[in-house]
Structures are given as C-alpha cells and as structure tokens.
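Enquirer: Protein chains in written order, with the working numbering: chain E, 1 to 94; chain U, 1 to 94.
Because the hints were derived from the structure by calculation, they are not lab data.
Just so we're clear, the structure is a prediction, and the values are computed from it rather than from any experiment.
Misleading hints may appear alongside valid ones.
Residues on chain U that point at chain E, a partial pick, calculated with CB under 10 Å [stated by the list, open to error]: (1) Cys10; (2) Glu14; (3) Met15; (4) Ile20; (5) His42; (6) Ala71; (7) Ile74; (8) Cys75; (9) Ile81; (10) Ala83; (11) Tyr88.
Calculated pairs, DSSO-like style, for lysine-lysine (alpha carbon to alpha carbon, straight line, at most 27 Å) [said to hold, decoys possible]: (12) U:Lys18 to U:Lys49; (13) E:Lys77 to U:Lys49; (14) U:Lys78 to U:Lys49; (15) E:Lys49 to E:Lys77; (16) E:Lys18 to U:Lys77; (17) E:Lys78 to U:Lys49; (18) E:Lys77 to U:Lys77; (19) E:Lys49 to U:Lys78.
The beta-carbon is built from N, C-alpha and C at its ideal position, and this holds for glycine as well.
Protein chains: 2
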Amino acid sequence: MAVTLVNLFCVSDEMESKFIESWHKTAEQMEQQPGFIDSTLHRNLEWDKTYQYINVAHWESSDAFREAQQAVDICEKKVDIEAHPALYTVEAVY
Amino acid sequence: MAVTLVNLFCVSDEMESKFIESWHKTAEQMEQQPGFIDSTLHRNLEWDKTYQYINVAHWESSDAFREAQQAVDICEKKVDIEAHPALYTVEAVY
Numbered sequence: 001m002a003v004t005l006v007n008l009f010c011v012s013d014e015m016e017s018k019f020i021e022s023w024h025k026t027a028e029q030m031e032q033q034p035g036f037i038d039s040t041l042h043r044n045l046e047w048d049k050t051y052q053y054i055n056v057a058h059w060e061s062s063d064a065f066r067e068a069q070q071a072v073d074i075c076e077k078k079v080d081i082e083a084h085p086a087l088y089t090v091e092a093v094y
Numbered sequence: 001m002a003v004t005l006v007n008l009f010c011v012s013d014e015m016e017s018k019f020i021e022s023w024h025k026t027a028e029q030m031e032q033q034p035g036f037i038d039s040t041l042h043r044n045l046e047w048d049k050t051y052q053y054i055n056v057a058h059w060e061s062s063d064a065f066r067e068a069q070q071a072v073d074i075c076e077k078k079v080d081i082e083a084h085p086a087l088y089t090v091e092a093v094y
C-alpha cells in the first residue's frame, strides 16, 4: 500500500539556507531508493506559522520508506532544526 | 501563483467519525469554489502522532483560497478538534 510521508520542519531565518542545502542532499539520495515515488518541499507563504517547511513525499510502502531511512544519510539531522515526520494513508480525495 | 494548503488536524478517537463527516461536508462545498484544484485528506498510520489527519489541497491562488474560506461553511469548526491551516508554495520537487 502506497503511503504519504509528511515531514514538518521548524526552520529559523538563520538556518534556512543550510536547511535547504541539506534537504536537497537527502532528497538526491532518497530518490535513488527502492519504492520512492516523489517528494515535494513546500515553503510557508507567511513564514510566521509553526512549520516553515513541509515535505510531502510518496512511497510505494511504509517498509520501503523505513528501509530508505536506514540506508540514507539524513543530512537535515546535522542542522539545528526541528523535524516531525509521520506516515499517512489517503482517506479521501476531491 | 498556485498554492498548497496544508491543514493539520488533532482529532481524538471520540471525535473521529464526526470530524470525517464534517470534513466531507466542507470539501463538497470547497470543490465548487473558483480556483479549487484538488484536496486530499490523509490519515495517520500510527495514530499516536500529534496530527491524526492532514489535508493537502491545491488552489489556483491564495486569494481564491481565502475567498472560498469566506464563502463556505467550514463544518469542522463546529466539532471539538484543533485545526492548523497554512498556505505554502512549492520550493523543490524530486
């Protein structure tokens, strides 16, 4: 069953460029992993909300995502930001 | 410029069926509004995370979304849940 990863990031002004750089490094590795479908990084329009960036990614299964997490060097972890990843299924589409 | 609405919902077990019902009622109105592209409700796989449901919707512009918010009866507001909506732009796609 395909799953959606939603990763919520709290990023300060000072950390933004480092965060973006590290996120791209991670995404370049992630897209090579089995089961990867796509990944879209979103930037908050107002910036004053809790989560300045949100990644919405699709994987063929939760196992595929979890194996990728083990295989890949998650570069954002080395930057001083807060990340809240969680897996979701699609409940309804309009 | 197209925008992405990400709405994070904290939903208790007791409120889940009422929340789903009200979300559908809102979505049925939203999809009739000018500028609506699509809307996907996601349910957390583990349920113990902070946000049990996340809606990811696309609109043709932030103005279109804000006008729709005014025009539509947002039914989730009548249910005892917490909602955190925010607008985003696409920063990067893999």
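Enquirer: Would the hint on Ile74 (chain U) stand, with a C-beta cut-off of 10 Å toward chain E?
Expert: Ile74 (chain U) check fails; min Cβ-Cβ to chain E is 15 Å, beyond 10 Å.
Enquirer: Using 10 Å as the Cβ threshold, decide whether Ile20 (chain U) counts as touching chain E.
Expert: holds (7 Å)
Enquirer: With chain E as the partner, please determine if Ala83 (chain U) meets the hint condition of a C-beta pair closer than 10 Å.
Expert: violated (13 Å)
Enquirer: Is the hinted pair Lys78 (chain E) and Lys49 (chain U) satisfied, with a Cα-Cα distance of at most 27 Å?
Expert: Holds: Lys78 (chain E) and Lys49 (chain U) sit about 23 Å apart, inside 27 Å.
Enquirer: Per the CB criterion, is Ile81 (chain U) less than 10 Å away from chain E?
Expert: This hint is violated: Ile81 (chain U) lies away from chain E, its Cβ roughly 14 Å from the closest one there, beyond 10 Å.
Enquirer: With chain E as the partner, please determine if Glu14 (chain U) meets the hint condition of a C-beta pair closer than 10 Å.
Expert: Violated. Min distance 18 Å.
Enquirer: Can the restraint linking Lys49 (chain E) and Lys78 (chain U) be considered satisfied, given a maximum Cα separation of 27 Å?
Expert: Distance ~23 Å between Lys49 (chain E) and Lys78 (chain U) Cα, so the pair holds.
Enquirer: With a cut-off of 10 Å on the beta carbons, see whether Cys10 (chain U) makes it to chain E.
Expert: violated (13 Å)
Enquirer: Under the criterion that the straight-line Cα-Cα distance not exceed 27 Å, is the pair Lys49 (chain E), Lys77 (chain E) satisfied?
Expert: The given pair, whose Cα atoms are some 21 Å apart, holds under the 27 Å limit.
Enquirer: Tell me if the interface restraint on His42 (chain U) is satisfied: Cβ within less than 10 Å of some Cβ in chain E.
Expert: Interface hint status for His42 (chain U): holds (4 Å vs cutoff 10 Å).
Enquirer: Going by Cβ atoms only, is Ala71 (chain U) closer than 10 Å to chain E?
Expert: Where the cut-off is 10 Å and the nearest Cβ of chain E is about 16 Å from Ala71 (chain U), the hint is violated.
Enquirer: Compare the distance between the alpha carbons of Lys77 (chain E) and Lys49 (chain U) with 27 Å, and conclude whether the hinted pair is satisfied.
Expert: holds (20 Å)
Hint check: violations occur at hints 1, 2, 3, 6, 7, 8, 9, 10, 16 and 18; the rest are consistent with the structure.
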